[in-house]
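**Q** Below are the chains, spelled out letter by letter.
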Amino acid sequence: MQLISYSFVALWMLTFALYYLVPKKFQWYILLAASLVFYVIGLRGFPLGLLLTAVTTYGCGIYLKNSLEREKTESSQCADKESKKACKAAFSKKRKRVQILYIVFNLGLLLLYKYAVVLMPFAETLTGSHIGFLEKVIMPLGISFYTLTAISYVVDAGRENCKIETDFLKVLLFLAYFPAVTQGPFNRFDKMKEQFEREHVFQYDRMLRAVQRFVWGAFKKLVIADRIGIFVDRVYGVETSSVTGSIYACATVLYMLQLYADFSGYIDMAAGVSESLDIMLPENFKRPYFAKSVAEFWRRWHITLGTWFKDYVMFSFVMSGTGRRISKACKNKASGMGRQVVPIIGTMLVWFFTGIWHGRTLAYMLWGVYYGIIMSVSLLLEQKYVGWKAKFHIKNGKAWSFFCKARTWVIVFIADVLIRSESLAQAGAIYSAFVTRLNLRTLLSREITSYGLSKYDFMLLAVVLLIWLAVSVLEERGEDVRTYFAYRPIVIRWAFYYGIVLLVLITGIYGGGYDTAAFMYQSF
Amino acid sequence: MEEKILEILEEHCEEALDYDGDSMMEDGVIDSFTVINVISDLEDEFDIEIDAKYVVAENFKNKEAIIALVQKLLEE
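Protein chains in written order, with my numbering: chain F, 16 to 539; chain X, 34 to 109.
Just so you know, the hints here were simulated from the structure itself, not pulled from any lab data. Any given hint could turn out to be false.
[Unchecked claim] Partner residues are not named here, just some residues of chain X that face chain F (Cβ under 10 Å, in silico): (1) Phe66; (2) Asn70; (3) Glu76.
[Claimed, not checked] The calculated BS3-like cross-link candidates involving lysine-lysine, where the alpha carbons are at most 25 Å apart (straight line), are: (4) Lys185/F x Lys86/X; (5) Lys105/X x Lys129/F; (6) Lys178/F x Lys94/X; (7) Lys80/F x Lys86/X; (8) Lys80/F x Lys206/F; (9) Lys86/X x Lys99/F; (10) Lys410/F x Lys307/F; (11) Lys100/F x Lys105/X; (12) Lys96/F x Lys86/X.
Ideal Cβ placement from N, Cα and C applies to all residues, glycine included.
With the hints as extra help, turn the sequences into a complete structure.
**A** The following block contains the structure:
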């Protein structure tokens with residue numbers, strides 16, 4: 016069940032109606048029921064993995080709660096400061112061990128899923144029997160998302176940064192919440208718990224805004240991402256030597272937009288569904304292609320994943336005993352650059368894990384390492400940049416701003432060739448094509464229309480990309496586009512709304528039975 | 034103490050001194066590398082240990098929050 020399907024809209028409408036009809040204190044039960052129906056029936060997901068994570072998360076939370084309470088009681092009975100400190104340290108050590116066990120278990124499940132798929136064909140060859148049915152058991156949908164979400168809860172609980180939940184069903188709802196279960200965004204428990212427990216009253220304006228956001232997401236997915244997908248799939252799917260460098264460059268630029276439209280489109284739809292139920296999801300995108308550096312790009316792209324890695328990998332490593340020891344040993348060495356050693360190790364760790372989280376291939380590992388190196392080099396050269404800018408009299412004007420944005424696009428472009436290619440060999444051949452047979456003329460020849468998109472498709476793409484750009488510019492200036500249109504004259508306002516809906520209906524890419532292509536991030 | 038904290042902030046992130054919002058990390062005023070360097074200097078200056086549990090957006094939302102955090106750790 017995709018978010019754009021009759022069955023999902025039916026589930027949404029039914030949930031919506033029941034949610035506002037039942038007594039307010041039962042509203043969260045409706046969310047839980049809808050989430051389980053969506054997961055088990057809609058996605059045909061086998062819930063064993065989800066339940067295992069929910070049970071261990073709940074259990075670990077309860078252990079932490081009891082341990083923290085006992086620590087308070089026992090430390091308050093200590094006679095002096097030293098024994099109080101020792102008492103606290105003893106409890107803290109035990110809690111850390113349990114948390115590590117919990118994290119190892121759940122990350123183990125995640126790795127089992129990720130790599131079992133790779134190992135399955137070998138196992139079938141070895142055993143000579145068909146074990147494909149096991150895929151459903153060991154391939155729980157959304158595991159990459161709900162595992163990290165669960166870990167954030169347990170770590171925050173141990174750090175006393177969130178309240179510990181004593182109701183198992185609320186923990187299950189937090190992990191399985193249907194708009195976010197397959198592709199995020201990564202929610203934080205304290206923010207969601209407060210919203211699940213609050214009483215929600217129907218508001219027409221909110222529902223209208225929610226539907227607008229959902230339709231805007233569908234527009235990005237169906238009209239932009241899926242149309243671009245036809246071209247990109249064809250270009251990357253044919254024999255490499257038959258495609259010129261410029262066609263590959265065009266396909267890669269479009270792929271950058273496809274990935275953004277697809278993922279942010281999903282997030283818009285998920286946020287719209289959630290907003291209609293008065294549950295606000297965290298923002299996951301802030302116009303990443305307006306970023307002036309790679310670091311800024313990643314603060315604007317998949318924001319909740321970046322924040323997760325920063326909070327639970329980067330800071331955990333830097334503030335750990337190991338991080339502090341390395342930091343102490345390196346400080347004041349290498350002309351002051353020694354203090355950057357630990358942040359650089361942290362950065363490389365974050366990007367290595369980000370790479371393997373995204374995919375199980377070597378290409379994703381290299382993709383992660385590539386970004387890690389770029390971030391680390393930027394950090395090391397940060398002070399030098401300032402000197403170079405002064406030396407060459409470069410001012411922070413529009414030209415410099417454009418240069419910085421273009422530099423970011425090029426870095427992302429190079430990385431995206433790596434993850435879009437079918438193999439590392441193909442990626443290598445494409446990089447080589449950029450240099451050895453660019454042949455820019457093919458962009459203006461008939462060849463460009465031989466990869467699934469007609470001249471009219473390209474013209475339509477140009478128009479819809481301009482609409483998207485205009486909306487993005489407004490948002491970048493701090494305008495809330497939905498509010499902006501709400502205050503336009505009624506004719507302009509509804510012309511825009513109907514225009515977008517008609518564009519989705521008439522020019523969206525649908526398969527048989529109005530099915531849509533699967534969302535790209537669903538496979539991560 | 035306040036003066037010293039502001040000096041450390043000025044050294045690593047001048048914009049943080051003029052910032053008057055309440056989400057300095059989310060607004061991109063102070064990035065994670067700067068946070069790490071500020072923490073390192075605060076630990077050295079005040080002989081405190083800032084555990085990872087304190088490194089949350091709430092404690093780095095603006096300069097006042099950082100001052101409050103150091104004050105709290107000094108009192109512990």
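**Q** Run every hint past the structure and note whether it holds.
**A** Hint check results:
1. Phe66: Holds, because the Cβ-Cβ distance from Phe66/X to chain F comes to roughly 5 Å (cut-off 10 Å).
2. Asn70: With Cβ-Cβ at 7 Å, under 10 Å, it holds.
3. Glu76: OK, holds: Glu76/X within 10 Å of chain F, min 9 Å.
4. Lys185/F x Lys86/X: 24 Å, holds
5. Lys105/X x Lys129/F: The given pair, whose Cα atoms are some 44 Å apart, is violated under the 25 Å limit.
6. Lys178/F x Lys94/X: 21 Å, holds
7. Lys80/F x Lys86/X: Distance of about 16 Å is within 25 Å: holds.
8. Lys80/F x Lys206/F: 19 Å, holds
9. Lys86/X x Lys99/F: 20 Å, holds
10. Lys410/F x Lys307/F: Roughly 14 Å between the alpha carbons, so the hint for Lys410/F and Lys307/F holds.
11. Lys100/F x Lys105/X: Holds. Lys100/F to Lys105/X sits at ~17 Å (cutoff 25 Å).
12. Lys96/F x Lys86/X: 22 Å, holds
In terms of the numbered hints stated before, the structure departs from hint 5 and from no other.
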